[in-house]
Amino acid sequence: MENWSVDQVCNWLRQRNLGELVPKFREEEVSGAALLALNDRMVQQLVKKIGHQAVLMDLINKYQQQKSGLKSLTYATDRQMLNSSGPIEQKKYLCSTEKEGELIDHRVLKQKKNLKSFFARYKTLQWTSSYALPDFPYDVKCILAEKKCPDHSMRIRIIEFLQADMTKYLEGSLYPNSQQYNIVVNALLQAYPFLDEDGNGFLLWKRALKDRFKYVRRPIEDDEQVLRNKCKFGHRRGQTRKYIRKEFFTVREEPVCLEGSAMDVHIKWLKEEYLKTQRNWKEVDNRMNVTIEMRRKMISDKAPLKDILRLFPFLRCPYQLFREFQLLTHMDIYKKTVEILEIYSENILSLYAVRNNPINVMLQENLKRHTEEDVLKCQYKSSML
1 MENWSVDQVC NWLRQRNLGE LVPKFREEEV SGAALLALND RMVQQLVKKI GHQAVLMDLI
61 NKYQQQKSGL KSLTYATDRQ MLNSSGPIEQ KKYLCSTEKE GELIDHRVLK QKKNLKSFFA
121 RYKTLQWTSS YALPDFPYDV KCILAEKKCP DHSMRIRIIE FLQADMTKYL EGSLYPNSQQ
181 YNIVVNALLQ AYPFLDEDGN GFLLWKRALK DRFKYVRRPI EDDEQVLRNK CKFGHRRGQT
241 RKYIRKEFFT VREEPVCLEG SAMDVHIKWL KEEYLKTQRN WKEVDNRMNV TIEMRRKMIS
301 DKAPLKDILR LFPFLRCPYQ LFREFQLLTH MDIYKKTVEI LEIYSENILS LYAVRNNPIN
361 VMLQENLKRH TEEDVLKCQY KSSML
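If you read the sequence shown in full-length UniProt numbering, its first letter stands for residue 1, the second for the next number, and so on.
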């Protein structure tokens, strides 16, 4: 590495998922020798992001440790071979090492080759055999030492430190595989068994760790690997929803401003239509589109909810409420619901298997609040759908 050119250093950065640093390193003409001479202060001036600073310094330190280990091991091997051989063999070996054109002793060459293969395997072995938990902050250590179940904020801190430590092991990558998640969570639960709540701790901690990586990746727009994976899985910048419910195509983005008398006519018609059993939903949609400006003004003026529902009773219907939500926020509530379910479905299913789980308890409490007539109405509506 000491003899690397600037281009070789840039290629090395790309291989370590640090391609974002290439323009700055080219501008400063950082060669291999300059790279190894960097200290903490120089790295802070070259690299803006703290995560990239930590990864870069870790890579440099690892290389220097490997280099010093290789030199010491080679020296020890040479001395051992000289001591174990006879005087004639020692003389031959010393002569061969002093002359550049002559061959190196095969035993030394084999030892160096074995050492190189060991360092090549180290990267894969570090996730299977030599992974160690990070050094948690003092307050986290105190909670863990007391074997107390951490609260929500303390859980978040533990997950943050695990995510940062995994990113360091992944050399800056933000996409661990399932095996790496399993190894980290297993290490956590083996060190602190009391974190395994009711036998479901593994799934809960793994899901929390995955969500943390998603949260870190979400705002990133300048990382090649993140952008490549976002494009691969359909999260393109500025991408619109491919399929939209048919009724949403009638939504007008810029509603027409109406006079007071015309607005009163629409409001009166909506109130009367709401009392009917057979409703003209197409006309309801049109009149709700026309009166959206008034509702926006009432919301901005912080009007009471009962006043808004009194003027626009159709907002009590889930269909119109979801439609109004999309008009005001430009967010598809169906898609948002699917995303939330995907995040929490694993936790919900794991809780469902537990006896007297909170989901069943809440469901039974809500059912008790409804009268028999309400239940029959719900059954009738579901059969109509």
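Incorrect hints may have been included.
What the hints assert, rightly or not - What follows is a set of in silico ranges between Cβ atoms, one per label pair, in the way DEER data are often shown:
| no. | residue 1 | residue 2 | range |
| --- | --- | --- | --- |
| 1 | L341 | E28 | 42 to 50 Å |
| 2 | V361 | T329 | 29 to 37 Å |
| 3 | Q44 | L363 | 52 to 60 Å |
Claimed, not checked - Capping the alpha-carbon separation at 30 Å, the derived lysine-lysine pairs in DSBU-like fashion look like this:
| no. | residue 1 | residue 2 |
| --- | --- | --- |
| 4 | K48 | K302 |
| 5 | K302 | K335 |
| 6 | K49 | K141 |
| 7 | K168 | K141 |
Keep in mind the hints are simulated off the structure, nothing from the lab. Here a beta-carbon is modelled for each residue, glycine too, at the ideal position from N, C-alpha and C.
Here is how each hint holds up against the structure:
no. : hint                     : in the structure
1   : L341 to E28: 42 to 50 Å  : holds, 49 Å
2   : V361 to T329: 29 to 37 Å : holds, 32 Å
3   : Q44 to L363: 52 to 60 Å  : holds, 55 Å
4   : K48 to K302              : violated, 43 Å
5   : K302 to K335             : holds, 28 Å
6   : K49 to K141              : holds, 27 Å
7   : K168 to K141             : holds, 21 Å
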